[in-house]
Amino acid sequence: MALDYSQERIEHPLRVCASCAVRNRAVCTTLETGELAELASITRHVVFNPGQIIVAEAENKEIVGTIIRGVVKLTKALADGREQIVGLLFPSDFIGRAREGQSQVFGEAVTEVEVCMFNASRFRHLIDKYPSLKGALYDRALNEVDAAREWMVLLGRKNAEEKIATFLLMLAKRSQAQRGAGDDDEAPIAFSLPMSRADIADYLGLTIETVSRQITKFKTSGAIRMLSGRDILVPDLERLEYLASGE
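With my numbering applied, the sequence shown covers 1 to 247.
No lab work stands behind these hints, which were simulated from the structure alone. For each residue, glycine too, the CB sits at the ideal point set by N, CA and C. Hints should not be assumed to be uniformly reliable.
List time: in silico BS3-like cross-link candidates among lysine-lysine, alpha-carbon distance up to 30 Å [unchecked claim]:
#	residue 1	residue 2
1	Lys173	Lys219
2	Lys158	Lys76
3	Lys219	Lys158
4	Lys76	Lys129
5	Lys173	Lys217
6	Lys158	Lys173
7	Lys158	Lys217
8	Lys173	Lys134
Simulated DEER-style distance windows between Cβ atoms [to be verified]:
#	residue 1	residue 2	range
9	Met226	Glu83	25 to 33 Å
10	Arg122	Lys217	25 to 33 Å
11	Glu32	Arg82	44 to 52 Å
12	Ser245	Ser121	15 to 23 Å
13	Arg213	Gly51	24 to 32 Å
14	Arg99	Lys217	13 to 21 Å
Could you build all of it, start to finish, from the sequences and the hints given here?
Here's what the structure looks like:
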């Protein structure tokens, strides 16, 4: 299946790197200027429309790169045709397999997604050439294992209120990280729900009705404020943390 890119940015690679919104959080942040130039020489920026498949299960499409903007959902297909959302990727996350092998999940653009895409074979060469890049990928792999374990606890032990609170807390912390360390950590945090309530329900193992009921409950209690459409404001992150932990 040929990938359908909606558009591709053609600019001087290092100029793109210099203005990159996730430069200080992506795997490339460990590289020195000369090393970054070598990585930039094998990259291209590609934009995917919502609903487009970026990575396909069981296909040797060597798609590797860093998400610059947008959200990607990772879905696993079962033998009977059912699908389960097993993860989400956000700006600065790495997508694809750094080493050779077939993907075990679908990666689908939930919103418009821009990916800084690397030539896979040459990227593997750089991993072996630069230990700092290999270390950054290794650290991310360990973080993904930790996140998977946390999500197992969420799905297996947390009730509906705790699940929704944990999901909103994850989005709020992602938004806070994108604001930068210089901003007030106690300031209200605004973000937009990247998924429909049906997708949220699928991701959390709940029904759509339960998701809607819990979000309304949080809104009524003042834990969140609905701004417009899918936009949400969290006035007090600590309160949301308490809800997520069951306190």
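Each hint tested on the structure:
Proposed proximity of Lys173 and Lys219 is supported: the alpha carbons are some 19 Å apart, at most 30 Å. Using a Cα cut-off of 30 Å, the hinted pair Lys158 and Lys76 holds, with the two alpha carbons roughly 22 Å apart. For the suggested pair Lys219 and Lys158, the alpha carbons sit about 20 Å apart, so the restraint of at most 30 Å is met. Taking the CA atoms of Lys76 and Lys129, the gap is about 33 Å. The hint is violated against a cut of 30 Å.
The straight-line distance between the Cα atoms of Lys173 and Lys217 is roughly 21 Å, inside the 30 Å bound, and the hint therefore holds. In summary, the hint linking Lys158 to Lys173 is supported, as the alpha carbons are separated by about 19 Å, within the 30 Å threshold. For the proposed pair Lys158 and Lys217, the alpha carbon gap of about 17 Å is at most 30 Å, so the pair holds. Among the hinted pairs, Lys173 with Lys134 is consistent with the structure: their alpha-carbon atoms are about 26 Å apart, no more than 30 Å.
The hint said 25 to 33 Å for the Cβ distance between Met226 and Glu83, and at roughly 29 Å that hint holds. Range check, Arg122 to Lys217: about 51 Å between beta-carbon atoms, so the 25 to 33 Å window is missed. Hint check: Glu32 to Arg82, Cβ distance near 47 Å, so the stated range 44 to 52 Å holds. Our hint of 15 to 23 Å for Ser245 and Ser121 is violated, since their Cβ atoms are close to 45 Å apart.
Checking the proposed 24 to 32 Å range against Arg213 and Gly51 shows it holds: the Cβ atoms sit about 28 Å from each other. The hint said 13 to 21 Å for the Cβ distance between Arg99 and Lys217, and at roughly 44 Å that hint is violated.
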